[in-house]
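Asker: Please work from the sequences and hints to get the whole structure.
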Amino acid sequence: APDRRAAQFLYSVAVLVLFGGATAMAGGPTNAVARLAIDSADAATTLTVVVYVALGAVAYAGVRRFVSENGIGG
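Under UniProt numbering, think of the first position of the sequence shown as 1, with each following residue one higher.
The set of hints was computed from the structure by calculation and includes no laboratory data. Check each hint, because a few of them may be wrong.
To be verified - Listed next, with one range per pair, are the computed distances between beta-carbon atoms:
id : residue 1 : residue 2 : range
1  : LEU16     : ALA54     : 23 to 29 Å
2  : ARG4      : ILE72     : 17 to 23 Å
3  : ALA37     : ASN70     : 35 to 41 Å
4  : ALA43     : PHE19     : 22 to 28 Å
5  : VAL50     : PRO2      : 22 to 28 Å
6  : TYR11     : VAL58     : 18 to 24 Å
7  : ALA59     : ASP39     : 27 to 33 Å
8  : ILE38     : ARG4      : 39 to 45 Å
All values derive from a computational prediction rather than experimental measurement. Positions of the beta carbon are idealized from the N, C-alpha and C atoms, including for glycine.
Answerer: Here is the structure:
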């Protein structure tokens with residue numbers, strides 16, 4: 001159990017650092033959402049959204065493939 005607690009702590013800290021860093025980026029996801037909300041999106045904002053959608057689709061497909069190949073789930 002101590003190893004699991006340490007791993008969960010490190011994972012939590014890493015997630016907080018990554019989200020904090022993404023928020024500070026000028027072209028990050030938070031700023032892209034804000035620009036879309038106030039209708040001031042430019043080409044860079046559109047590219048950011050397209051990249052994040054593509055990354056999400058690839059991650060989703062990868063997880064689905066991993067689950068089906070390893071017989072995980074119902």
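Asker: Are the hints correct? Go through all of them and say.
Answerer: Hints, one by one, checked against the model:
1. The hinted window of 23 to 29 Å between LEU16 and ALA54 holds, with their beta carbons roughly 25 Å apart.
2. Here the CB-CB span from ARG4 to ILE72 is close to 20 Å, well matched to the stated 17 to 23 Å.
3. Range check, ALA37 to ASN70: Cβ separation about 40 Å, and the 35 to 41 Å hint holds.
4. At roughly 25 Å, the beta-carbon separation of ALA43 and PHE19 lies within the given 22 to 28 Å, and the hint holds.
5. At roughly 43 Å, the beta-carbon separation of VAL50 and PRO2 lies outside the given 22 to 28 Å, and the hint is violated.
6. Checked against the hint of 18 to 24 Å, the pair TYR11 and VAL58 passes, with Cβ atoms roughly 22 Å apart.
7. The hinted range of 27 to 33 Å is satisfied by ALA59 and ASP39, whose Cβ atoms lie roughly 29 Å apart.
8. As the Cβ distance of ILE38 to ARG4 is approximately 43 Å, the hint placing it in 39 to 45 Å holds.
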